[in-house]
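Residues per chain, in single letters:
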Amino acid sequence: MSAEKKLVGYVCTGCGIGDRLDAKQLLSTAKREGKLQECKQHDMLCNAEGVKLIADDIAAGATHIMIAACSRRAKVEAFHFPDAAMTRANLREGVIWVRPASGENSETTQEMADDYIRMACAELRTINKPSSSGEQSLIKNILVVGGGVTGMTAALEAAAAGYAVTLVEKSGALGGHAALLHKRVPSRAASAGTSNSRNAALPQPAENNVPELVSRVGTTGNISVHLNSSVAKTSGAPGRFSVDIAAESGSTSTGEFGAIIQASGFKPYDAGQLSEFAYGASPDVVTNLELEGLAKAAGDGPIKRPSDGKEVKSVAFIQCAGQRSDTQGHLPYCSGFCCTTSIKQAIYFKDQNPGCDTTILFDDLRTPGAAGEDFYRAGQQKMVTFSKGKATEVVPGSSLKVRFQDLILNEATEMECDLVVLATGMVANSGPDPYAPADAAQVPVASILNLQYRQGTDLPHLKHGFTDSHFICFPYETRRTGIYAAGPLRRPMDMQQAMDDAAGAAMKAIQAVENAGLGRAAHPRSGDLSFPSFRKEGCTQCKRCTVECPFGAINEDEKGYPLYNESRCRRCGTCMGACPVRVISFENYSVESVNQQIKNCNVPDEFQEKPRILVFACENDAYPALDQAAMSGKEITPWARVIPVRCLGSISLSWITDSLNSGYDGVVLMGCRRDDDYQCHFVKGSAMAAERMSKVGDTLSSLNLEPERVVLHEVAITDVERAPKLINDMADTVARIGQSPFKF
Amino acid sequence: MAKREYSFYPGCSSQKGASSSNYLVSVQTLCEELDIKLNEIPDWNCCAASIGYGGGGVLPRLTLSARNIALSEQHNAGQDIVATCAACWLATREAAERFKHDGGLMAEASQALAETGLKLNNTTPIKHMAEVLVQDIGYAEIGAKVKKPLEGLKIAGYVGCQTNRPFGIAGESYENPLYLDRLIDTLGAQSIPTYEKKVQCCGGALAFSEPAKSQEMIKGIIEAAYDHGADMIATPCPLCQANVEIYQDQINNTYGTKFKMPVVYYSSLMAVAFGRSAKDAALDGQVVAAKQLEEIAKK
Amino acid sequence: MSDLNQNMIEKYRNSFLKEVEANVEEGEWVKMCMQCGVCSGSCPLGKHWAHPPQEIFMMIRAGKREAVLASDAMWMCTSCYNCIVRCPREVPITHIMHGLAHYAKRLGLAPKGQPTMAFSQIFWDNMLKAGRVNELKLGLSLYFKDGFVQGVKNSLANAKLGQNMMKAKRMNAAEFFGGHGVKDVSGLQKMIKKAQELEDARIAKYGN
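Just so you know, the sequences run in chain order A, B and C.
Numbering-wise, my numbering puts 54 at position 54 of the first sequence, and it's gapless, one number per residue.
Count along the second sequence from 1, add 744, and you get the number used in my numbering.
Count along the third sequence from 1, add 1043, and you get the number used in my numbering.
One should not assume that every hint holds.
Covered stretches of chain C, going by a simulated chain B footprint (3 or more residues, C-beta under 8 Å) [said to hold, decoys possible]: (1) 1095-1106; (2) 1119-1132; (3) 1140-1154; (4) 1191-1198.
Think of the hints as simulated: they come from the structure by calculation, not from any bench.
Where is the CB? At the ideal position from N, CA and C, for every residue including glycine.
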């Protein structure tokens, strides 16, 4: 880039900016200090006339534009100029809305605004308009791995949207566990206006729609099904995955896919571990899944018990069997589907023989789903006995004895019955976790995707072996871009939830295909064309970028240099923050682009007693929280200068040391929550940053600075009160411990 | 002709020489003022209240109410039934609703009713006097009648249970109904909307069978009124009125308290505010005299 | 124990819940309780219940027939209806408690001497005599329910209350001789007798 660079600035005086700030001064700062060739003033830059002013300048040769107006999160549609590089100086939410209008503050308010102009101009000088790499291709085919309810639904949804689907199923038939069900839990609540009366018309067990799904998959033209097959090898990236599909017969075919949906389902919990409930000791103790088989075999006739074929006249359901328990071998979590399943199965008995004694022993009855509570009432209507009690033991015999603690009557008691059904849960089926600790004693698990990634063969897990997917905001997004998880491999769920999941994952897969074709990022920076590149001559092959990338986007070449897969990249910059030699950058975001902002902000000498506090705010949560705070009139100290970052993971330690060296008095980092219940949009970025910052103390002590000058906070988008307070707290800290000794 | 006419179910305790005879007197006064004509249901019987369940099964109890409704439909056709007693109102309305939803009960009750030659249509709305005042008449019309505002009086509106639950006054909350407070304000007195014992049970009929347990609750009701600085308690329910008023001596003996809290009917407040005499307001029926009301009435 | 009780035990050998459904006022609702406990927490006399309503419902489902029917818990109900309006399932708890109490009494299982049971019977008999309650006689019957000596004691203890009421003209000694009543007493009594017969027949039918 070169001599043709033309930098133009615009200062908006609308929304009260002109009343509160000296616009002439701002223009002069932009031109003299910001070194813009031109800077224009407009009284409402986001209106048609203002937008046209900018567009005309770009058409006439402006390559870089600086807009000094509102927050970069406001008016994004008006200020959308894909043909120029752009920075925004936040004078509205960043300055006038967080400072009181009174006269005595006008000097510091103007200083804030001038600084933001300087910073935006400095940033502008270091960036260029991003354009895609040219690596991309548009392969619209979608691969679905797993032929259960989730996989079939995803395939049907994607096919209906016009995308060709290849469906790979390990077994010899489609349908998965759901095909084994006699009936399914209803998915709809009672109709609106249904009374609360004891004989209201309530949802009943519904026909199992799996056979219908199977036949629809068979008759849908653009779905090709591979039974008895598995994925032997997956390489490439979104938009250009290459997958080897191996059939049990030994033949292998290779297909090209734009995106992948993994719907590998779950494994039923092994009830053999429940000897206290006589599973295995008595054939009349069965799991919920096994009961479906008995019910199916019975058809509309009475359900017979396995031991002697006698009609079941009394049955007890033990909820949470081997679940929600810390006992070794039990599942620590709730599988979420078992309460409604037991209600459904109890109704099997009641519908066939209202005189059958059916007891559900529960601790906490949870009935998720639209029909949930109504379905519970339906069971009660049919006189299913719901007993709040915890089963302790099943004694085998021709009549089974169930011992339990009645939790309402607070007594140990027992009941006799012909059959016991254990409401057992779901175990994840996600393939091996690439990040499992090496020392963890684990049963070897077969890979499902066989990814040829440096970072392992399968999708990373979160906990209990379930696939890590962004549970709050982007439930189908995994840590491997373009590969979407749907159904119970994400978390235990019922059939309806799995089907909803499948539709969501299909939509995401379609988005990924289309974005990859254009070289654009998937969420959360969807549409972003920038991608990381590195200066090879500076690279020390330390591999930190390849290891720390949360999305496994970076492979290595034979010499150990990073190999970027642009379409796997989410553009968070965690690699940039990781690089100790600072060779990784984006066209429009780099170590230098932030460094220049830090340097171009005025740091007054100590005698002016105007401290400077540098704030790095994550653009996903912390920065919008500050915008919200500004809208609701919260005050922020005039000493603060806020720089939005893509993710805390992108923060280079050099920014911290450089700023402290140049006289900043404090640094506040605001990122997203980073534990198992993380909210980081880039999953691991915030956690990486925290780990890196834990070492910042050494730097501070080598500079002889107090450790409290650098703080890191987890900030959520809802922290409208708290976010500004955290900044103001740093001002208090500086007031307490004094200004930095590094001022000039 | 009167502006409004109702079929009136006075109830046992309102009769001459009975425990809420004073209630009836003051209600009659306010009806004169508001131009309401109450046509007593001829030969009405007891509703069995809520305590009759031990002796009477559900059908005999509901049949008692069926007789009253049938008599009303026969003699006061087209008129809404209005009761002043919470239990009378509740029992009658509950019976009507139960008959509507349970054809079997309705058939059996009709069969029993036939023994007296009566027939139940069960189409008559059944109202509490408070509903008549709040809904049919309204605060504005009541306010316009006020001649002697009850200025300077702070009154705890004690709604109690059965006027409030399970039916209550439409639009009011079960936990904190405000109509009685609004009525008190309309009459020029100061209400206590935050009176926390507003819907606390006084023990009802168990004041007779379980006096200690009931009086413990009554003590709380009176105590809270004192805590709020109330000059008196006002209530729409005869059993509430009696229970909270007449056991104060016994409670004082048990707990060492010095309660002397007047407990009056809303209707007495209205009669005084409308400028009527202490006698018309039935203030002579107080066991704990409502002296401040008497003084306003004298003015 | 009554014959009726014996019949019921035989009929509903295994399901007290079904017995309650068939024979107790609003008993069909018992199965709809979801054990949240709001009723128990809402009862003004909650602390006096040996088994609060939530527990009673659980005991019915657990088949604890004797323990439920012989309990004096239900007799603690003040008919305040707090549980009814708060029950998230709209179970008519108050009515079920009345129904259980009545059923226990009908079967002869209710605890002997339970004061509310005694009062409720006195009330019913008093009311039925003339079709309207005679408050004076009601009070006296209650005082004298445990015999003459106790009655005199009770009367003396409540003497001041009585005087107060008389002074306020809210109690009338003349009520002792006759007092208020409906005109068609015999019609009313015939009606109630019929209703009782119908109800007895219904329960007996289920019992056989």
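Coverage criterion applied to the region 1191-1198 of chain C (partner chain B; beta-carbon cut 8 Å; 3 residues): Coverage by chain B is violated here, the residue count being 0 at a Cβ distance below 8 Å.
Within 8 Å of chain B's CB atoms, at least three CB atoms from the region 1140-1154 of chain C: coverage verdict: holds (count 6)
Verdict on chain B covering the region 1095-1106 of chain C, criterion of 3 CB contacts below 8 Å: Coverage by chain B is violated here, the residue count being 0 at a Cβ distance below 8 Å.
8 Å C-beta criterion, at least three residues: is the region 1119-1132 of chain C covered by chain B: Per the Cβ count (9), the hint holds.
Hint check: violations occur at hints 1, 4; the rest are consistent with the structure.
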